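**Q** Top line first, the protein sequences correspond to chains A and B. Numbered by the numbering used here, the letters in the first sequence go through residues 1 to 560 in order. Numbered by the numbering used here, the letters in the second sequence go through residues 1001 to 1246 in order.
Keep in mind that a hint or two might mislead.
Pulled a few chain A residues facing chain B out of the computed Cβ check, cut under 10 Å [said to hold, decoys possible]: (1) Thr36; (2) Thr38; (3) Pro72; (4) Lys293; (5) Gly300; (6) Thr380; (7) Pro529; (8) His531.
Derived DSSO-like pairs: lysine-lysine, alpha-carbon spacing no greater than 30 Å straight-line [stated by the list, open to error]: (9) B:Lys1226 / B:Lys1143; (10) B:Lys1161 / B:Lys1109; (11) A:Lys506 / A:Lys33; (12) B:Lys1109 / B:Lys1057; (13) B:Lys1161 / A:Lys437; (14) B:Lys1057 / A:Lys506.
Label pairs and their computed distance ranges (CB to CB) [what the hints assert, rightly or not]: (15) B:Arg1053 / A:Thr67: 52 to 58 Å; (16) B:Ala1107 / A:Thr252: 55 to 61 Å; (17) B:Thr1111 / A:Met207: 56 to 62 Å; (18) B:Trp1049 / A:Lys33: 45 to 51 Å; (19) B:Lys1223 / A:Asn147: 52 to 58 Å.
Rather than coming from a laboratory, the hints here were simulated on the basis of the structure. Just so it is clear, the structure is predicted and the values come from calculations on it, not from any experiment. The C-beta atom is built at its ideal place from N, Cα and C for all residues, glycine as well.
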Amino acid sequence: MTVIQEPPGREYRPAEPQLFEIVPGPRPHGLVKYLTSTDHKQIGINYMVTAFIGFLFAGLLAEGIRTQLIVPNNNFVTENVFNQLFTMHGTIMLFVFLGPFGFAGLGNYFVPLMIGAPDMAFPRFNALSYWIYLGGFILMSAGFLTNNGAANFGWFGYAPLTSAIHSPGPGADLWIVGIALTGFSGIFTAVNIISTIFTLRAPGMVMFRMPIFVWNQMVTMFLILLAFPVLTAAMALLWIDRHLNGRFYDQTHGGQPILWQNLFWFFGHPEVYILALPYFGVVTEVLATNSKKPVFGYKGMIGATLSIGALSMGVWAHHMYTTGAVLLPFFAALSLLIAVPTGIKFFNWIGTMWRGTITLNTAMLYSIGFLTMFLFGGITGVMLAQPVLDFQLHNTYFVVGHFHYVMFGGSTFAGFAAIYHWFPKITGRKLHEGWGKLSFAIMYIGFNLTFFPMHPLGLRGMPRRIETYNAHMGWNFLNLLSSVGAYVLAMGVLITVWNIFRSYRKGEIAGDNPWDGQTLEWACSSPPPDHNFESLPPIRSERPVWDANHPDQLTEVGHR
Amino acid sequence: MHAPTRLLASQFGSPHGVTAQDSYVRLLWHLAFYFALPLGLIVLGGIAWCLVRYRAKPGSERRASQFQYHIPIEAAYTIIPLIIVAVIFGFMFNAENHVDRVSRAPAVKITVEGFQWGWRFVYPNGHQEIGTVANALNINSMKNLPVLYMPAGETVQFTLKSDDVVHTFYVRDWLWQRDLIPGVHNVADIDVKNPGIYDGQCNNICGQYHAYMRFLVDVMPVKQYKAWYAHQAANSITTAGVTVSS
């Protein structure tokens, strides 16, 4: 099963004791496997496929938003439907796609593989977590099938607009329950992956030999444990307000609407790092693999991740600068400070490529795309972190542009890099490089065409979430540009979808280690067998497979 | 202005505000770009340099260098950003203190009330200017919008209130906004230098007709404002789009 070539001049013996007995007999496959499996790889695939369906669905909603805004005074959809479109676009993208794809999908599949574990610590708990997540996705989307439609108050649902009086109907209830369920699922996954990392590392895999991807996943999981219970509690309070005559967010009976904002953003800001850190990990691994180098500044990188995690717990009120109810300098200082560890990561990524031998495959292209656009989103983030500038920009399209540069140009492009990088490991076949590069080029152009014009739009004062606008505000051309870009972007995404369907059946056979990978997932076959490893190479650094395959190119000891 | 000076004074797309607080906003924009442009170019340049210089060429025997740490460089890109952030924070702190300052003796006090979906501006003598979207559902028309009358060149203090959901009082030419939150007492000062008509809009999703929840601000020279104010009877109500026949 193991595929590592005998390293010239040095031998290593496969581990002798067989830790797991392979049970012979027919294995379930197809639908039965999907329904019954507790294997971390199958559950990881379930998460990734479900999340990607969520991505396509929410993307379709976004095309609806852009079509409504393509010209002023347009009547493509009604006000109410428009509000549903942007609410569910945001909700599904964040709670169904971007988070679960990264921390649950990629986390499930690759964390055990990268630390040399046979499965997750709690396999059945893991399956439960997936099914709860799927239930959440279905419930929140089911709002569209109800009488009054889905939730329509924006993805951060500010009280009291979410009250039973202002938003009657089951759409909002389904939204609450759906998010609470995905929240529970996230908590379960976090417990599971933290336990896995702490208890199931292979012999030799000490913490400071874990790949950066695993480190980032671990910090993400701690953020989930801190943030998601608050979200779920806030949703429970909202439910009590709506159905059990609670008054938590009702100012007319002594409640406090601003309590919701504090609770929501106390979750919401760690959340954006929950949506980003796993993808930082992806980019780190892709850059190192394709530069044939160790990660530059490995320990500094871990320190940066830890400090991003710590700082992200103290910046929630930078979403509330304009409320007049928060201490501005404190939150501004912490928000600005996040730029420092993020900057360290950027320079480490450049350092990783520095003096390497770089192969520009599709995964690498998407990672470079990530670097350039996340850089832009980070710079506009430093502007928004300053309360005085935020008074001007808050809730305008500038914020929408910034957010999409971080979450789409950043995290989602890294997600595509992950698809192209690890598809061979998951299916045994490579994605087609030509289609992949075309998809990247069209997505890159479409993305910038869609989201760059949003910055000048915001500077010209266009508020987000307006269903239509006056033709004399100077917003027409930029909106047209943005909407055309959204269609181009969709074409780019669809090419990758086609590529996945095509390559799943007749892609080039990948072999076990197609990219000359460095970390342990490349030590087993593609796709990996049940319980992953029959034997492991010796683990003496954070890239054991590289060390085994290139004993003459070990990481230089010490520093310069 | 010479071209280089103009470039240095550029706000890169941000319009100039019309308030006395504008100079602080402009300073922060300049600062942001003085730091962001070079830093962005350095990072982009670094990426591009690595991709061009170190790309694997077919047939080349060059092997990747396997070093992992370079302490001086790593220390530099930790400490320099810390200093930059501290400088930005210092300027921002100063600006924020000025922009958020609330006067004890403002020239005019106006209560701004948002509701689903419209605005009510209440003056010290009880006079109200009201407008609702019911009379202004044509998005391309500025007719029948509620109008906020105020003097130019004087400190105007707004008390911001809402009794239903969260709204935001936002005038784009002021480069400024503040939320109207039920249960939060919000007071803010604005000093508009240039008389004129400015358009404003609710900037927080507040339900179905959020996009139509607009208003106008008529900033008048002080004399003209005083004349207008003297003309308004105590506790009278003017509703935009509704003609009162006496």
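**Q** Evaluate each hint against the coordinates.
**A** Hints versus structure:
Taking 10 Å as the C-beta cut-off, the interface hint given for Thr36 (chain A) is violated, the closest approach to chain B being about 43 Å. With a least beta-carbon distance of about 38 Å to chain B, the hint placing Thr38 (chain A) at the interface is violated under the 10 Å criterion. Of the supplied interface hints, the one on Pro72 (chain A) holds, with its beta-carbon coming within about 7 Å of a beta-carbon of chain B, less than 10 Å. Nearest Cβ of chain B to the Cβ of Lys293 (chain A): about 5 Å, under the 10 Å cut. The hint holds.
Below 10 Å, beta-carbon pairs count as interface contacts, and Gly300 (chain A) has one with chain B at about 5 Å; its hint therefore holds. Taking 10 Å as the C-beta cut-off, the interface hint given for Thr380 (chain A) holds, the closest approach to chain B being about 9 Å. Residue-level restraint check for Pro529 (chain A) is violated (minimum Cβ-Cβ distance to chain B is 31 Å; threshold 10 Å). Nearest Cβ of chain B to the Cβ of His531 (chain A): about 32 Å, over the 10 Å cut. The hint is violated.
Restraint check for Lys1226 (chain B) and Lys1143 (chain B): satisfied, since their Cα atoms lie roughly 24 Å apart, inside the 30 Å limit. Taking the CA atoms of Lys1161 (chain B) and Lys1109 (chain B), the gap is about 13 Å. The hint holds against a cut of 30 Å. For a cut-off of 30 Å, the pair hint linking Lys506 (chain A) to Lys33 (chain A) stands: about 22 Å separates their Cα positions. Proposed proximity of Lys1109 (chain B) and Lys1057 (chain B) is contradicted: the alpha carbons are some 71 Å apart, above 30 Å.
A distance of roughly 53 Å separates the Cα atoms of Lys1161 (chain B) and Lys437 (chain A); the hinted pair therefore is violated under the 30 Å criterion. Note on Lys1057 (chain B) and Lys506 (chain A): the hinted pairing holds, with a Cα-Cα distance of about 29 Å set against a maximum of 30 Å. Roughly 44 Å separates the CB atoms of Arg1053 (chain B) and Thr67 (chain A), a value that falls outside the hinted 52 to 58 Å. Between Ala1107 (chain B) and Thr252 (chain A) the Cβ separation comes to about 34 Å, which falls outside the hinted range of 55 to 61 Å.
At about 59 Å, the beta-carbon gap between Thr1111 (chain B) and Met207 (chain A) stays in the expected band of 56 to 62 Å. Between Trp1049 (chain B) and Lys33 (chain A) the beta carbons are some 48 Å apart, a value that agrees with the proposed interval 45 to 51 Å. Taking 52 to 58 Å as the suggested C-beta distance range, the pair Lys1223 (chain B) and Asn147 (chain A) conforms, at roughly 57 Å.
Consistency note: the structure conflicts with the earlier hints numbered 1, 2, 7, 8, 12, 13, 15, 16.
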